[in-house]
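Residue numbers (the working numbering), protein chains in the order written: chain A, 1 to 374; chain B, 1 to 156; chain C, 1 to 193.
Hints in this document: simulated from the structure, not taken from any laboratory.
Every value quoted in this text rests on a predicted model; they were computed, and no experiment measured them.
All C-beta atoms, glycine included, are put in the ideal place defined by N, C-alpha and C.
Hints are supplied without guarantee of correctness; some may be wrong.
[Stated by the list, open to error] As a list, the in silico DSSO-like pairs of lysine-lysine whose alpha-carbon atoms are at most 30 angstroms apart:
{"id": "1", "chain 1": "A", "residue 1": "Lys10", "chain 2": "B", "residue 2": "Lys19"}
{"id": "2", "chain 1": "A", "residue 1": "Lys111", "chain 2": "B", "residue 2": "Lys128"}
{"id": "3", "chain 1": "A", "residue 1": "Lys147", "chain 2": "B", "residue 2": "Lys19"}
{"id": "4", "chain 1": "B", "residue 1": "Lys22", "chain 2": "A", "residue 2": "Lys34"}
{"id": "5", "chain 1": "A", "residue 1": "Lys86", "chain 2": "B", "residue 2": "Lys22"}
{"id": "6", "chain 1": "A", "residue 1": "Lys34", "chain 2": "B", "residue 2": "Lys19"}
{"id": "7", "chain 1": "B", "residue 1": "Lys19", "chain 2": "A", "residue 2": "Lys273"}
[What the hints assert, rightly or not] Across the chosen pairs, the derived CB separations fall in these ranges:
{"id": "8", "chain 1": "B", "residue 1": "Arg107", "chain 2": "A", "residue 2": "Gln41", "range": "40 to 48 angstroms"}
{"id": "9", "chain 1": "A", "residue 1": "His326", "chain 2": "B", "residue 2": "Ser138", "range": "35 to 43 angstroms"}
{"id": "10", "chain 1": "A", "residue 1": "Pro177", "chain 2": "B", "residue 2": "Phe143", "range": "29 to 37 angstroms"}
{"id": "11", "chain 1": "A", "residue 1": "Tyr339", "chain 2": "C", "residue 2": "Thr110", "range": "53 to 61 angstroms"}
{"id": "12", "chain 1": "A", "residue 1": "Pro32", "chain 2": "B", "residue 2": "Phe143", "range": "45 to 53 angstroms"}
{"id": "13", "chain 1": "A", "residue 1": "Asn99", "chain 2": "C", "residue 2": "Ala95", "range": "53 to 61 angstroms"}
{"id": "14", "chain 1": "A", "residue 1": "His326", "chain 2": "C", "residue 2": "Ala69", "range": "46 to 54 angstroms"}
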Amino acid sequence: MSYVAIKGGKAAIDGAAAAAEFLRGHDDSGEPLKLSAIESQLRLLTSRVVSEGGLYHPRLAALAIKQFQGDTLEAAFALRAYRSTKPRLLATPVQDSTNMRCIRRISAAFKDIPGGQMIGPSYDYALRLLRLDLADENPEAFRSIGKTFLAELSEADLPDSFPKVLDALRAEGLLPPVTEGRGEPFDITREPLVFPVPRSAALATMARAETGSLLAMAYSNMRGYGDVHPTVAELRVGYIPVMVPHPVTGEPMEAGEVLVTECEVVAMYESGKAGSLPTFTLGYGACFGHNEVKVISMAILDRALQKGMQEGPVNPSEDPEFVLLHVDGVDSMGFASHYKMPHYVTFQSDMDRLRTTQGKARDADQAPQMEVKA
Amino acid sequence: MIDIPRQEWAAALSALPTKEVKAVADSFASSCQVRDVTLPQSGLGLLTLRDGAFHEAFHLGEVPVARAHVVLRTPDGHESSGGAVLIDDRATIARAIAILDGALAGRLPGWETAAALVERGYSARAEKFAERKHILASTRVDFSLLGQAEEEDGDE
Amino acid sequence: MSNMQTSMTSHRLWFPPMQQQIFRGLLHVFSYPGRVAECTAESMTWLALLAALTGGEVTLADPHGLIAADIWPKLEARLTTPDTATFIVADGGRAMDFQPCIGSLESPETGATLLLRVAALGEHSEGGVLLDLSGPGIQGNTELSISGLHPSWLIARAGLAAAFPLGVDLLLCDDRRFAALPRTTRIKTGDII
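Looking at chain A on its own, in the form it has when it is part of the complex (with noise of 0.2 angstroms):
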């Protein structure tokens, strides 16, 4: 495939660049939007565009969905460009999800899990009517939504973590061993994805993977093709600190927080390896941001994949080429994009040849009528 260079272009491309722009300000309010606005108003939106972006930082996400108008695989995009701009200064030690400091968190398998069941900030059990009284928003009711939600902000007598339920599945021996200390974790930054891949490189890129593509993986895996039946042992939502060495003590000290959503699946059991019991099968999937449909897909997706490796693919959904290979947002948007770039030298060529290949069959349909008349 060729791609042709035109001249002439730079005025089109400046005026398409202006056209954006227009269109943009085109707002009968005349307001131009605020980056504390969509990262609070729209965080669900912004994180998507974090965890698709795979740099956690919620104000550039903003950005980004300000600039592209909304557009979130061009807004991941630009995320993706600007890490490129940053040097690598660390690898974080590896953190513990069990210290996350949830807004959120429950059991599909439980009814009583150590510490409670809390749902946090969800629609699950909201009813899709729209609310109509949000066309038309109060700005003073909405700035006291905040003092009234805290009116009766009671001391509660929560801890400040909770447990991990599988921790409990484990003890009783119902689970699979670990498999700590496996060596370094793949950076999928730095190196391909070269198949056979470890399973932390099917993690990484399923972490910053396109919501809607691993949704419609794991679906067709839901729906039939597949049987992974999971279970959601625990989903959590919440803010893991983040510890590293402190630079002259070296002991573990906070640098930060970061918002992070985690599923653990529960899958139909297997028999063990020779000679052990069996034990339930497990799925796991974890993203920057407030994202539950993402690491829930994530989750089957990793126990169908382990299936896929250790027994060979039978659906596509675990098959670790099919599947690691077009979640990627980025990629895929880049490569149906591409298709809009000039293709005309090889489009001519196809011309060229179809027109020849209609010529050949138009004269041997004359054929053969030639020798009936002789």
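On the provided structure of chain A, position chains B and C as indicated by the hints.
Just chains B and C now, with coordinates in the frame of chain A:
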């Protein structure tokens, strides 16, 4: 004396407006000599997480990282080292917090101002944590009550 | 030496504008082997080059102990032994006493870059050597004179010629100037001047 452990000073100071933190740091920088042990840097860090299923380590993604390591020296020759690593993209605020970390750790003259700042930041963070706990407490579910009510209905 | 390095730690050498200038100079000398570039940073040339080249993701060896202790945190490079390091800084006046990494057939580019401190570059001074250079980046032939380079370095380099594309690349530095001898350059040692 300050009760808050050193490992939480940076997080506490990050909860305050950066202008304030920088202003107090600047006052130490003018009364002491500040030497950069490493160049204050801002860049990226890979966030490594342990998966809950098999306890394997994987990289969840990248976070902005700013870090600094300084040595403060008072006019009478007393030295103290300070450092900070932050989930932030500003090397300047990392350096300011590193200066305060050094001033406080070494009890350099004026350390009480730095201590007061850390305590205020700690309270601001505690408020944020209390809000989160209120979210949890107000959405707590007790499924076992559901089972009880069914039994009672069955008895009637 | 250590005091001079210490006073350099707040120097503009460590900031992007100077490092970009130095990097431009490095591109020039590697593109045109044998040409000598001026180092405009007011510091030792080899240190200026290291400041521009190294960072957290490279390994650096210092077998002759040239780098002061307080400079290492600023370079951010990881200290390793000369046989594995990406960059090696050494006193070119001393005999070569280590085996640098020369790369592999799959990755010949992983061969080390050696920064050698010499007495003088490009001046016809006593006890120096005149090199006749040809190859990529050189139109025909060019000459480079070096004084204060122990003969063992060029002998070792000649010994590696048969291993091409494996090998090492040399960066020679005096107080003010630097020049490059990448492994693609052919050297004929001329007269001792």
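A quick look at each hint next to the structure:
1. A/Lys10 / B/Lys19: violated (43 angstroms)
2. A/Lys111 / B/Lys128: holds (29 angstroms)
3. A/Lys147 / B/Lys19: Given that 30 angstroms is the threshold and the Cα spacing comes to 26 angstroms, the pair holds.
4. B/Lys22 / A/Lys34: holds (25 angstroms)
5. A/Lys86 / B/Lys22: With Cα atoms ~24 angstroms apart, lysine 86 of chain A and lysine 22 of chain B stay inside 30 angstroms; holds.
6. A/Lys34 / B/Lys19: holds (21 angstroms)
7. B/Lys19 / A/Lys273: violated (60 angstroms)
8. B/Arg107 / A/Gln41: 40 to 48 angstroms: 45 angstroms Cβ-Cβ, so the 40 to 48 angstroms window holds.
9. A/His326 / B/Ser138: 35 to 43 angstroms: Because 41 angstroms falls inside the window, the suggested range holds.
10. A/Pro177 / B/Phe143: 29 to 37 angstroms: At 31 angstroms between Cβs, range holds.
11. A/Tyr339 / C/Thr110: 53 to 61 angstroms: Hint violated: Cβ distance 38 angstroms, outside 53 to 61 angstroms.
12. A/Pro32 / B/Phe143: 45 to 53 angstroms: holds (47 angstroms)
13. A/Asn99 / C/Ala95: 53 to 61 angstroms: Hint holds: Cβ distance 55 angstroms, inside 53 to 61 angstroms.
14. A/His326 / C/Ala69: 46 to 54 angstroms: holds (51 angstroms)
Of the numbered hints listed earlier, those contradicted by the structure are 1, 7, 11.
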